[in-house]
Amino acid sequence: MLEDDELPAAITEDQIHCLGDRVAGVFSDERIAEMGVNGAQLIEAYVDRGSFALGDDYGITDDEASEVVDRVLDCLDWRLVLAESIAAEGLPAEQASCFVSEISDEGLRATIESGFITETEDDFGLVEEEVVRAFQSCVDIRELLYQQMVLEGLSEESARCVADGMPEGLVEMMLGGPELEDDEAALEFIGELMALQNRCLTPEEMESMGGFGG
Numbered sequence: 000m001l002e003d004d005e006l007p008a009a010i011t012e013d014q015i016h017c018l019g020d021r022v023a024g025v026f027s028d029e030r031i032a033e034m035g036v037n038g039a040q041l042i043e044a045y046v047d048r049g050s051f052a053l054g055d056d057y058g059i060t061d062d063e064a065s066e067v068v069d070r071v072l073d074c075l076d077w078r079l080v081l082a083e084s085i086a087a088e089g090l091p092a093e094q095a096s097c098f099v100s101e102i103s104d105e106g107l108r109a110t111i112e113s114g115f116i117t118e119t120e121d122d123f124g125l126v127e128e129e130v131v132r133a134f135q136s137c138v139d140i141r142e143l144l145y146q147q148m149v150l151e152g153l154s155e156e157s158a159r160c161v162a163d164g165m166p167e168g169l170v171e172m173m174l175g176g177p178e179l180e181d182d183e184a185a186l187e188f189i190g191e192l193m194a195l196q197n198r199c200l201t202p203e204e205m206e207s208m209g210g211f212g213g
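Counted from 1, the sequence shown has number 123 at position 124 by numbering that gives the first Met the number 0; the numbering is strictly sequential.
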């Protein structure tokens with residue numbers, strides 16, 4: 000899930016050893032031999048990858064994964080680790096912390112299991128409804144749009160113009176709101192975006208970005 004330079008700073012060496020030992024302690028000697036893994040290998044895998052990837056690499060069962068989560072819960076501050084992981088994906092740290100604070104304990108367990116233990120989900124194992132609710136509470140979509148457009152080459156002035164002028168319906172959809180009702184609404188929406196493009200972007204920016212309709 001995480002590249003070497005994105006490993007959460009919240010995890011100390013002692014905590015990594017706690018994780019490796021607790022995970023290894025779930026399995027019998029026979030099961031460990033079957034999987035071909037030991038505590039040292041688990042620690043090395045976590046340091047290298049930021050997750051144990053037991054689902055991908057070793058095919059542990061659902062019951063085993065659940066027991067692993069039970070054992071590692073007190074090894075570290077998982078909410079802090081999740082916040083740092085999300086921030087590493089580009090979300091401002093304050094908004095990432097807010098997002099994690101909105102996640103339920105059940106959602107946190109799912110995240111630990113799917114995102115860090117088995118590495119079987121790209122979305123941290125969270126259900127869509129919980130993600131939408133957290134985003135609605137914490138994330139400034141217009142600011143994220145502004146930052147992304149600057150990264151893509153727009154001037155700060157043009158990016159701010161587009162982000163601030165973005166139709167409210169699009170902002171709501173990005174936060175999990177209702178989709179457009181029909182083709183007529185979609186055409187009207189496209190017209191608003193094209194007008195925004197013409198108002199905010201220079202000809203050079205429109206060409207380089209391809210335009211909203213490009």
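Accuracy of the hints is not assured; some may be wrong.
[Stated by the list, open to error] Here are the simulated distance ranges between beta carbons:
| id | residue 1 | residue 2 | range |
| --- | --- | --- | --- |
| 1 | D28 | E93 | 15 to 23 angstroms |
| 2 | D163 | G89 | 14 to 22 angstroms |
| 3 | E33 | S103 | 32 to 40 angstroms |
| 4 | R78 | E12 | 36 to 44 angstroms |
| 5 | P166 | A92 | 46 to 54 angstroms |
| 6 | G24 | E191 | 54 to 62 angstroms |
| 7 | A92 | E206 | 47 to 55 angstroms |
| 8 | E129 | L72 | 16 to 24 angstroms |
| 9 | A32 | D62 | 27 to 35 angstroms |
| 10 | A194 | L72 | 17 to 25 angstroms |
It should be emphasised that the hints constitute simulated quantities derived from the structure, not laboratory data.
Source: prediction; values computed, not measured.
In this text, a Cβ means the ideal position worked out from N, Cα and C, and glycines have one as well.
Which numbered hints fail:
1, 4, 5, 7, 9, 10
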